[in-house]
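K.L.:
Residues per chain, in single letters:
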Amino acid sequence: MMGDLPVLTTILLCPVAALVLVLLTPARAAHVVRWISAASALLASVLSIQLWRAYDTVQSGFQFVEIIPWVQEVGISYHLAVDGFSTILVMLNSIVFFTGVLTMWDLETRVKEFFAFMLLLVIGVYGVFLSQDLFFFFLFYEIAVVPMYPLILIWGSGNRDYAAMKLMLFLLAGSALLFPALLSIYHASGLGTFNMILLAQKSFDPDFQIFVYPFVFLGFGVLAGLFPFHGWSPTGHVAAPSAVSMLHAGVLMKLGAYGILAVGIRLLPMGAVYWAPTFATLAAIGVVYGAFIAMRQTDFKFVIGFSSVSHMGIVVLGLNLAVLGTAGQDALNGAVFQMFAHGVMTALFFSTVGFIYDRSHSKTIADFGGLGSQMPRAVSIFIIAGLCGAGVPGLASFWAELLVFMAALKTYPVMGVAIIVGLVLTAIYVLRVFSMAFFGPVNDKWDGLRAVDLQGWQLLPRALLVAVLLFFGFFPRVLLDVIDGTTTHMLLVF
Amino acid sequence: MNLESFLLLSLVLFSLGLFAVLAHRNLIAVLIGVELMMNAASLNLMAFNRFSVTDPVTGQVFVLIIIGLAAAEVAIFLSIILNLYRTRRTIDAEQLTELKG
Amino acid sequence: MEQAVQYLFVGLVLIGGGMAALSRHVLYNIIGLGISLFGLAGLFLQLGSPFVAAMQLLIYLGGITVAIVFAMMLSIAMTLDPPPRTPVKTGFAAIAALTFGVGLHGLISTATFATAPPAPADAWAVAHIGSALLERYNLVFETLSVVLLLAIIGAILIARPDRTGKVA
Amino acid sequence: MEPLSLILLTTVAPLAAFTLAILLLMQQPRLAQIVVIGGGTLSLAGAALLLFQGPMAPLRYLWFTSGDMQLRFGFLFDGISLMFGVAVALITLCVMVYSLGYMGHDPSKTRYFAMLALFEWAMLSFVYAVDLLQSFIFWELVGLASFFLIGFWYEKPSATAAAKKAFLMTRVGDVGLFIGVLLVLQVAGHFDIPGLLAADTGLVAQAKPAVLTMITLLIFVGIVGKSAQFPLHTWLPDAMEGPTPVSALLHSATMVAAGVYLMARLHPLFMGSETTLGVILVIASITALLAATMAMVATDIKKVLAYSSISQLGFMLLGLAAGSLFAGVFHLITHALFKALLFLCSGLFIHHFESNDLAQIGRRGGRRMRFATAGLLVGGAALAGIPPLGGFFSKEEIFAALGQDGVTIYSIVALLAAFLTAYYTFRMIFLVTRPAHMEQPAPEDHAHGHGRAEPWSMALPVLLLTVGAAIAGFWGSAIASGLGIGAAHHSLASMAPAVLVVIAGVLLAWMDFGRQSAARVGFIARIPALEKLFNNGWYVDAFYDAVVVRTTMLIATILHAVENKLFDGSFDRLGFSVLGIGAGTTRLQNGWVQFYAGWTVILIGVAAAYIGMGG
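Chains as they are written, first to last, in the working numbering: chain W, 1 to 494; chain U, 1 to 101; chain C, 1 to 168; chain A, 1 to 615.
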């Protein structure tokens, strides 16, 4: 089936083609725009599934390599390839892309522009996951980051000017750290190439690595919501429209973690080892800190926003524990698993919260009460996402947390115990939302919502995400088999 | 005259053009400054063509292309001037401050 | 003799350039530009390329300068009554131009340039330019023609009177 | 039949029923009930057939690999799991059938039945789990089902609060268990239960004593949470907010027994650490006594039963910690039967009188419900430990185990607790059946009196469990042989103290509540301080509210302020000060293109000069 088809380019071309078509469609034909986006998302998803199936887990190196030299003088080439990590992250992006398009189906204002920006964002994300050329990596990275600004500013809600500007400033500050770091890696290699696979084989001078690694780590870490540079993410999540929050928390934050992995750890392993204890501590603080802050929030989306800080802390913690050797395999597997699980989970969160908000125009938890009897379906789905967040077994993120916690306990017992205790905090803020908003005496104010609960096709994206969470909750092997080989491969140098 | 003196001449011409572009209020005068600068560039090319290369064709072709492009540029520039003059009744560069912060 | 002619042309270029750049009156500017272009054409001839010199006279002096004169006449108000100069701005422009000139002069004076023996006389033949344009630089040539076409269309579109039918 | 197909029948049938009910049958409650009860029946059949086939080699399948760690899941068929599996399936089926009547008029009964099926699946998967991590997973899922079932009437704030409390408090225990399980992996490199228990290669042989103590203590923390032992016991009385059949199934017979079951499962590990056993003895005896004192003063029939569950779970742990696997498991099974019976009987009263209050039930004619009263008597007698009913023999085993090293403080505490058990059980029975005076039955009671107050669906399970509770005491040798242990036979003399304290307890209850002229006030009322202490549950909850909850919220508030002022705030200030600088520099932006171009040119010139000088 895969035959000679350059599958990675085809995946990348799906949103590109859709973007071109959307731009050519007159703005009045909103429905055509939606269908084009949905079709491209579906096609990309099917191709991602094919990619996943065709990925050779035994061989475990980079696969489906496509290289076309571009600017040979400085060694830039169009170079796509996937390893186990990018395979599952491409899948994640496809899932969130598809469900995001369906979630925004009801959008009525400036439909064409919205989907155009969203497609641009998706192109950037695919590009980052697929590129093995540092130049294109950074280019796609910026393509992914920039559309957030108009998306929040135009279609957002609440304090959106502030949120959009804050997000942009943080992310650009991250880029500002990254850009010189990436260029210095290019120069220090002396290879005259941006090919990341070749750069990874070069062992840089340890002092250089130790100097540059924090730039790379913090630059990407800002996007990953690393404590204490997380401030942009909750405000951004709150102001953004649902699908943007989905893509933002679901995929975009993973770009940061993936960048740490693909650039930081892969190219600068010694720097990573040197800094790992510091950054692991920072991440562990973030895990507990985010959970505490989430307990005090009054707004649904802020709770989820800070829970994202907490959960992404687990990813970053896993990445840092990975290089420390004692339980690297589990830590890295767990971190990557968590990227996937958290992506799907937050997508589900925002998709559902966005729905409740669209129907009720309130995001304040205390406004509701007994919503479970008024919107049983939406609430059930939110509860599933919440339980996933609380690390209940049977849902995907349990495995991720298990693996990272295991590694943490082995590497730093005290820190491990601290973050496992943090699990209780997670349960507290999740249950707090449940009991304040969904359970308790029914608030008659929202009786009108009974008629507008999720129905028919509106269930589709949410049900799909729930299915993914449950599937990987019970069959983690499907995912772990894909990444395990790559993890082994990557940790050989440590 | 050797290569350096031609380059010096071209530099003087270019600086004059630059001054015209920066100092004049009349957009037509600004355009004239631009033309001076382009001609300075042409002179440079011709001089190098004469003194520094063995095959003199490339430089001449280059200058011909510059002349062609200058024609196109002038056409556009003049139409913009006309448009501005029609809509705003002025071609004074100091009153066209759309970019003001 | 040849030396004298060369200096004459250099003088024309400088005087014309000065007029074009420094005069406050647009008409003088245009006349200066014409003089300068004429001088340049002479220099091109001196540099061995009669064809380019001819083109310079034909297109620049004959075409472009005339077009500018037309534009000047269409926006006659400003031309008749030249606006006063702002000393600050003029000074700033002079400083900028001087800085640029001096800086680049520094660059030129320290640089060493490749030298080559003069090309054989037949290498300057117009036929070579023609064949180069149509063979080696074909793409550039064609692109240029497209650019010119687009420029003309664009110019017409921009300068076209608006829908109210008012003509400038 | 193959063990694989049987175990799949046992575990997957409820899961399938749950999935069907929750996805397709939300609008068809009747069909959902049939599906769920069908699933429960199949499950019971599978469990029973497995029991008949006897212990078998475990089944193991690869779940996933991460590096050199291999995680398996599978099913373990030994005496403990087979017997407890049947008990779980049986009681679940009873409760499901009972719920047909009890929950017959609830609008959301599909959700209720689906959650019962979810619970049964998780519980059975836990019982048969061969892998410690698998046990943990289903242990959590059981807790999840419990959360949903306690909070079933989610519109009642008290139910929601109770569900939340139950989830969080068991979660606290689970953290300990989780760390313990992960430590097991670090030491042993695998989670396989038979492998961990193996005498020569197992954990006891592998781990250093201190590590083993740590592991078992951490696992015990989980047990404390799940089995509601002191000091994490306070969620269980609150959990009575759930529907009564749920209390019967989850919060006395099966789910809370999961902790005891886990300890029985890992009994050899616990036996390897003296320290842990000592801790367990202390905690379990405190719990047994504490809960019994609280049961003495409770006025809510379900609360009495809840406290007695806590107390009896303490007994089981005492038996296990005293070294007798048989005593613990035996009491686990008899307790499951008679406690389920007691709850279902109390459900009959509650359903009929719509009140939980003991005195009110008695006044309004509790004893006229002959069927329920009979069940209450049998169950109560079994609980109190009156021979020859179930509870007597199993409790006797526990005393024997405790007494094997002579008389210790623990055996005295256990006897005291047994005395109190007999006392509060019969206090409950007398309050229901022998009220000081009875109100005339309300006329409408006659109007729809069918001779029997309860529908067949509620009567049948009660009948079944009554029989079970009555005869369970004679299964001792069967259970012992199932465990591969020869049943010890105790002399009549050794049974004497247990019988005596029970008689004393019943007599005291008769004096206080039973006789016609009794004041119907417990003897404890004469010591007001103690009564107040018992009524307030020894102030454990008050302590949690005042210290734990407050502290957590205080930290959250402080960090919230830190977030707003320090982290977020400082970035905001940075941002706004940049805006200020921007406002200053705006003046440079006068909009003259020529001005901008001039700067560019100057810069180029400077750069050129610099390069010129440098080159």
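A hint or two may mislead.
[Stated by the list, open to error] Covered by chain C, according to a simulated footprint, are these stretches of chain U (three or more residues, beta-carbon under 8 Å): (1) 7-15; (2) 26-34; (3) 38-45; (4) 48-61; (5) 65-78.
[Unchecked claim] Residues from chain C that face chain U, not an exhaustive set, calculated with beta carbons under 10 Å: (6) G16; (7) M72; (8) T86; (9) A123; (10) I156; (11) L157.
These are computed hints drawn from the structure, not numbers from a lab.
Note that CB positions come from ideal geometry on N, CA and C, so glycine has one too.
K.L.:
Evaluate each hint against the coordinates.
P.N.:
Against the structure, the hints come out as follows:
| no. | hint | result |
| --- | --- | --- |
| 1 | 7-15 | holds (count 8) |
| 2 | 26-34 | holds (count 6) |
| 3 | 38-45 | holds (count 3) |
| 4 | 48-61 | holds (count 13) |
| 5 | 65-78 | holds (count 12) |
| 6 | G16 | 9 Å, holds |
| 7 | M72 | 6 Å, holds |
| 8 | T86 | 7 Å, holds |
| 9 | A123 | 6 Å, holds |
| 10 | I156 | 7 Å, holds |
| 11 | L157 | 8 Å, holds |
Checked against the numbered hints given earlier, the structure satisfies every one of them.
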